[in-house]
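**Student:** Read off the chains here:
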Amino acid sequence: MTEATPLLQVRNLEGWYGESHVLHGIDFHVNEGEVVTLLGRNGAGKTTTLKAIMGILAQRRGSITLNGKELIRMSPRAIARAGIGFCPEERGIFASLSVQENLMLPPRVRPGGLSVEQIFELFPNLQERLNSQGTKLSGGEQQMLAIGRILRTGANLLLLDEPTEGLAPVIIQQIGRTIGLLKEQGFTIILVEQNFRFAASVADRHYVVELGRVIDEIPNRELEANTARIQGYLGV
Amino acid sequence: MFELLGIPPQALFGQLLLGLINGSFYAILSLGLAVIFGLLNIINFAHGAQYMMGAFLAWMLLHYLGIGYWWALILVPVIVGAFGVVIERLMLSRLYKLDHLYGLLLTFGIALIIQGLFRNAYGISGMPYSIPSQLAGGQNLGFMFLPNYRAWVVVFSLVVCLGTWFMIEKTRLGAYLRAATENPTLVGAFGINVPRMITLTYGFGVALAALAGVLAAPVYSVNPNMGADLIIVVFAVVVIGGMGSILGAIITGFGLGLVEGLTRVFYPEASSVVIFVIMAIVLLVKPAGLFGRA
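Note that the protein sequences, when read in sequence, are chains A and B.
Position 113 of the first sequence, counted from 1, bears residue number 160 in our numbering, the numbering being contiguous throughout.
Position 201 of the second sequence, counted from 1, bears residue number 359 in our numbering, the numbering being contiguous throughout.
Quick caveat, the hints were computed from the structure, so don't treat them as lab data.
Okay, derived cross-link-like pairs now, DMTMM-like style, lysine to aspartate or glutamate, Cα gap no bigger than 20 Å in a straight line:
hint: 1; chain 1: A; residue 1: Lys230; chain 2: A; residue 2: Glu164
hint: 2; chain 1: A; residue 1: Lys183; chain 2: B; residue 2: Glu340
hint: 3; chain 1: A; residue 1: Lys116; chain 2: A; residue 2: Glu79
hint: 4; chain 1: A; residue 1: Lys183; chain 2: B; residue 2: Glu327
hint: 5; chain 1: B; residue 1: Lys255; chain 2: A; residue 2: Glu66
Which residues of chain A face chain B? A few of them, derived with a C-beta cut under 8 Å, are:
hint: 6; residue: Ile103
hint: 7; residue: Ala127
hint: 8; residue: Ala142
hint: 9; residue: Ser143
hint: 10; residue: Leu144
hint: 11; residue: Glu148
hint: 12; residue: Met151
hint: 13; residue: Pro153
hint: 14; residue: Pro154
Quick list of simulated restraints, FRET-style, between CB atoms:
hint: 15; chain 1: B; residue 1: Arg354; chain 2: A; residue 2: Arg260; range: 35 to 45 Å
hint: 16; chain 1: A; residue 1: Ser110; chain 2: B; residue 2: Ile390; range: 50 to 60 Å
hint: 17; chain 1: A; residue 1: Arg260; chain 2: B; residue 2: Gly321; range: 47 to 57 Å
hint: 18; chain 1: B; residue 1: Arg451; chain 2: A; residue 2: Gly109; range: 37 to 47 Å
hint: 19; chain 1: B; residue 1: Pro353; chain 2: A; residue 2: Ala215; range: 31 to 41 Å
hint: 20; chain 1: A; residue 1: Ala125; chain 2: B; residue 2: Tyr280; range: 40 to 50 Å
hint: 21; chain 1: B; residue 1: Phe324; chain 2: A; residue 2: Tyr64; range: 36 to 46 Å
hint: 22; chain 1: A; residue 1: Arg58; chain 2: B; residue 2: Asp257; range: 30 to 40 Å
The structure presented is a predicted model; accordingly, all values stated were derived computationally and were not measured.
All residues carry an ideal CB built from backbone N, CA and C; glycine is no exception.
Kindly generate the complete structure, drawing on both the sequences and the hints.
**Tutor:** Here it is in structure tokens:
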């Protein structure tokens with residue numbers, strides 16, 4: 048059986064912050080419609096990998112292809128227009144903009160972007176807080192706004208950086224359900240997570256990142272049998 | 159006729175009007191500086207020279223091509239704004255990753271070159287620019303005489319300032335600008351062309367300076383030093399309002415013009431320093447400025 052061409056293929060990705068060499072040859076792929084997590088300890092290079100894919104990490108080398116198209120030399124703007132949406136760890140809610148302005152900020156750069164009504168179906172809370180200042184929302188609402196916002200662009204590959212960080216368990220469940228809904232709607236998602244239980248509840252496959260390299264790949268169905276191995280990687 | 163604190167109303171309201179006129183120029187110029195600083199993080203020291211270019215270009219259009227004031231109000235900001243776009247693309251865009259100081263030094267150098275070129279070509283004695291015939295004359299309000307052109311400058315400046323504020327605070331384009339001011343990298347990652355927005359913002363800020371220059375041409379003598387004299391006060395206005403604050407630039411611009419006018423009535427000796435005294439106090443009490451975010 049021949050395997051389908053991956054939606055995203057990352058090969059030998061290296062990255063630097065100034066003089067500091069952070070990524071040492073990341074290799075992984077994501078198939079269309081999959082939810083894949085990058086697991087690892089703090090400082091392993093997970094967030095940097097997402098930033099390199101999005102083009103935000105200026106010093107990068109290697110190969111990143113989306114549907115076979117090379118992205119490594121493209122600007123973040125061009126990468127967004129190619130179909131990738133990025134939701135940063137700190138959520139990136141603009142303090143000087145209202146919820147509505149934050150939500151409407153990303154332009155529809157490709158066909159397939161969700162309408163505001165469709166985003167409200169996913170996140171009904173946002174509709175009630177439209178006129179609030181973006182940063183006055185609770186952490187969970189800010190996360191919903193940050194995810195909802197990138198759905199407008201028409202991106203079909205979403206990069207979500209620690210969407211559950213600092214959130215209450217009930218909100219984490221809601222985020223998990225939303226990721227499930229997005230997967231059902233055909234979105235492909237790369238999730239950076241330290242919350243192993245959350246990752247297990249939403250993902251198809253997991254890559255373990257350590258010291259700027261992918262050191263292991265574990266399908267979700269085999270996760271249960273490899274709990275000890277994962278906990279060893281994460282140091283929990 | 160009534161008197162206020164022993165001051166004849168003609169003197170009081172005359173100075174208040176003069177203060178409002180100066181305030182109009184402070185407001186438009188500091189607004190341009192605030193818009194540029196907000197997005198580009200560059201202290202545009204060439205702003206005074208660009209204001210002077212606006213006045214000179216209006217004079218040149220009239221003198222060489224016979225194009226009058228009303229067309230100059232439209233053409234001059236477009237032409238000088240386009241000049242700003244070229245400056246931004248060729249020079250300023252290379253400095254964004256460096257300290258603010260480099261942008262300040264570059265724009266200071268650009269200001270000196272522009273002023274030097276105009277001084278060489280036209281000298282410093284100044285060129286007269288007539289008030290357009292439609293705005294000649296004035297109204298006798300009983301307690302003072304209100305020249306039509308001065309009333310026009312105040313009202314038009316207010317409209318331009320409020321229009322700019324509305325554009326930045328209430329429109330989608332303004333939301334892009336505000337967001338890019340906070341986090342340009344993330345805005346770029348949404349697929350928005352931030353470099354083009356930065357270029358156009360600089361062009362717009364420069365166009366505002368040129369527009370102020372056209373408005374000033376019939377009020378002051380058009381000469382190469384007119385911007386250099388004004389820009390130091392305008393920087394003080396921006397500092398008092400809060401660097402990058404749009405509303406702060408407008409309110410402080412008009413407000414300080416009035417304060418200056420009142421000082422000229424009640425304590426004329428202090429009128430040239432009052433704005434700097436206020437700046438020093440504001441810096442001590444609220445270093446981010448009256449409307450700035452700490």
